[in-house]
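There are 2 protein chains.
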Amino acid sequence: MASAEPPAGRGSAAPTLALEDVRTAQERIRGYVHRTPVLTSAALDALTGARLSFKCENLQKVGAFKARGAHNAVLSLTDAEALPGVLTHSSGNHGAAVALAARNRGIPAYVVMPSTTAEVKKSAVARYGGIVTYCEPTLRARESVTERIRAETGADFVHPYNDLRVIAGQGTAAVEFIEEVPDLDLLLCPVGGGGLLSGVAVAAKSLRPGIRVVGVEPALADDAQRSFRSGVLQPGTDAQTIADGLRGALGDKTFPLIRAHADDIVTVSEQAIVRAMRTIAEIMKLIIEPSSAVPVAALLEGAVSAREQRVGVILTGGNVDLDRLRWV
Amino acid sequence: MASAEPPAGRGSAAPTLALEDVRTAQERIRGYVHRTPVLTSAALDALTGARLSFKCENLQKVGAFKARGAHNAVLSLTDAEALPGVLTHSSGNHGAAVALAARNRGIPAYVVMPSTTAEVKKSAVARYGGIVTYCEPTLRARESVTERIRAETGADFVHPYNDLRVIAGQGTAAVEFIEEVPDLDLLLCPVGGGGLLSGVAVAAKSLRPGIRVVGVEPALADDAQRSFRSGVLQPGTDAQTIADGLRGALGDKTFPLIRAHADDIVTVSEQAIVRAMRTIAEIMKLIIEPSSAVPVAALLEGAVSAREQRVGVILTGGNVDLDRLRWV
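So the sequence lines, in the order shown, correspond to chains V and H.
Its first residue numbered 0, the first sequence is counted upward by one per residue in numbering that gives the first Met the number 0.
Its first residue numbered 0, the second sequence is counted upward by one per residue in numbering that gives the first Met the number 0.
Hints are supplied without guarantee of correctness; some may be wrong.
[As the list claims (entries may be wrong)] Pair by pair, the computed Cβ-Cβ distance ranges are:
1. Pro181/V to Arg139/H: 53 to 59 Å
2. Arg149/H to Pro181/V: 46 to 52 Å
3. Val131/V to Asp320/H: 35 to 41 Å
4. Pro136/H to Arg126/V: 52 to 58 Å
[Said to hold, decoys possible] Here are some chain V residues the structure puts well away from chain H; computed CB gaps all over 10 Å:
5. Asp20
6. Arg29
7. Ser75
8. Ser143
9. Ala218
10. Glu281
Rather than coming from a laboratory, the hints here were simulated on the basis of the structure.
Note that the coordinates shown come from a computational prediction; the quantities given were computed from them, not determined experimentally.
Here a beta-carbon is modelled for each residue, glycine too, at the ideal position from N, C-alpha and C.
With the sequences and hints as input, model every part of the structure.
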């Protein structure tokens, strides 16, 4: 997706998103999403030398933070705009989140998925009543099928991350987090397309200017780090990282917000990601998906300086196929 | 253990435990244990036809509610009583809980474990600094080794469940639960030795007289149900239920409290227990141990009438050996 978009950096006309937009989103989605618990673990503090708090978005509706952005987008439509339904493409949690939000609004959700999508993700979208159209697993096929459905239905397109309504919704996770743990020094979250990181960075820096906000991605798919550090939006990679939710590239809305508000993007190894998943399961009794384990991996691997700091980690999702779960 | 104890029923001089004891325990252990989150799931409500709330003691310190009772027992000792340390026998979570509580008090914890105990449980006790003595896996060996250490050290014995201090501590889970969800119609928890069920029943019935409190155990180890229904304390079974935490028999303190305050004890199949564990992992993203899955199994199997009711379930613990996890 991003490869088809123009590069954007600090020099571009930056999209405007402010704390107020995130606050509005918070009011809008209240009652539709869980206020997820924040958990701590003395054992993990001992292991990392930091004072950690975990915002458990794996315990969110649809099992991922994506419920926030999808609800904000769908609920911000006027009745006339909402009537034809909403449309997205996703091979993951965003599709399920849009389907749930649309069901809550009482409108149809059209979800374009590659035919190669795992069964567990297909059935999640179907569970919430999403109308699925399968396409060939190519960018061109996805775009043409999406465009055809948009033309036929008039449905409103809700991009998985490159959409300010979605970004504002994801930012609500940071507002809740800082309400609960006001003295965070550092906030970590995964970065793929950057919807979460950009919303979180805007909200966290507004609420607590001294906080550091750092995105984490797999070293195998380090395009966001290269974009961030070079100032030039890099295309996504095809890298087969286990963190399959983080393969997307930044978009022309998320990139400038991240450049303006985040402090850094660091990377972690595949082995550290798997180890982090298992550590969270063993110590915290939580199932998280590989993409969610990435910030924990950064702490375990020392990819980010966190010792003796008050660190917030957003555990973004828990949707894994238990039969295929790889602990080692 | 219980087989060596006299039968006790409604006719016996019942041990006294009141809400006030549980309130005192709550004050005493505050800051030492987590106030665990209460979670809900629309998907599980749809699956069971009930309105469910889950008190997540799998997210408790040491990964189980046992932290509550152990802390209450250890913290209620006078300094003079505490000085020689505390002593228990346990092949499970109670040993780790007593070790942690003793470490927090700054006193030694002696834990007698069968030599056949799983490595994962041995290492949990060691992690919290417990001083482990292994014994032959027989009741006689356990009792003689425990008695010898008590004589040698003067340590205070903290029984895993048949101890009013422990029972009062476990009851704090129900107080917190009802504080958070005041309109519960039904409260479900597993029953093995009955420490949790007796404390929960005393607290819940005092706070909300109309509530039903039902214990659940594996059909393979239905001694608590037989005790409850016959009024005569039955010995434990050797049944190899997957819910290994529930093999103990009721004690002479827990039995009369349960007879006086609980409404029923129902049983579930082994298959339902495994299915419940997996359901909680898939839908709620929580790892629970088989003993914790038993009340969920009762809901899935219809062993307890819960439709259209407000049901509280205590998820008691999350300590499983991930390498041996059986999902199917």
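Hints versus structure:
1. Taking 53 to 59 Å as the suggested C-beta distance range, the pair proline 181/V and arginine 139/H conforms, at roughly 56 Å.
2. At about 48 Å, the CB distance of arginine 149/H to proline 181/V agrees with the hint of 46 to 52 Å.
3. A hinted range of 35 to 41 Å for the beta carbons of valine 131/V and aspartate 320/H is consistent with their spacing of about 38 Å.
4. Checked against the hint of 52 to 58 Å, the C-beta distance between proline 136/H and arginine 126/V comes to roughly 46 Å, which is inconsistent with it.
5. Separation of aspartate 20/V from chain H is adequate, the least Cβ-Cβ distance of about 27 Å exceeding the 10 Å criterion.
6. Every beta carbon of chain H lies more than 10 Å from that of arginine 29/V, the smallest distance being close to 15 Å; the non-interface claim holds.
7. The claim that serine 75/V lies off the interface holds: its Cβ sits roughly 22 Å from the closest Cβ of chain H, which is beyond the 10 Å cut-off.
8. The claim that serine 143/V lies off the interface holds: its Cβ sits roughly 34 Å from the closest Cβ of chain H, which is beyond the 10 Å cut-off.
9. For alanine 218/V, the condition that its CB be more than 10 Å from all CB atoms of chain H holds, with the nearest at approximately 25 Å.
10. The beta carbon of glutamate 281/V is not kept farther than 10 Å from every beta carbon of chain H, the shortest such distance being approximately 6 Å.
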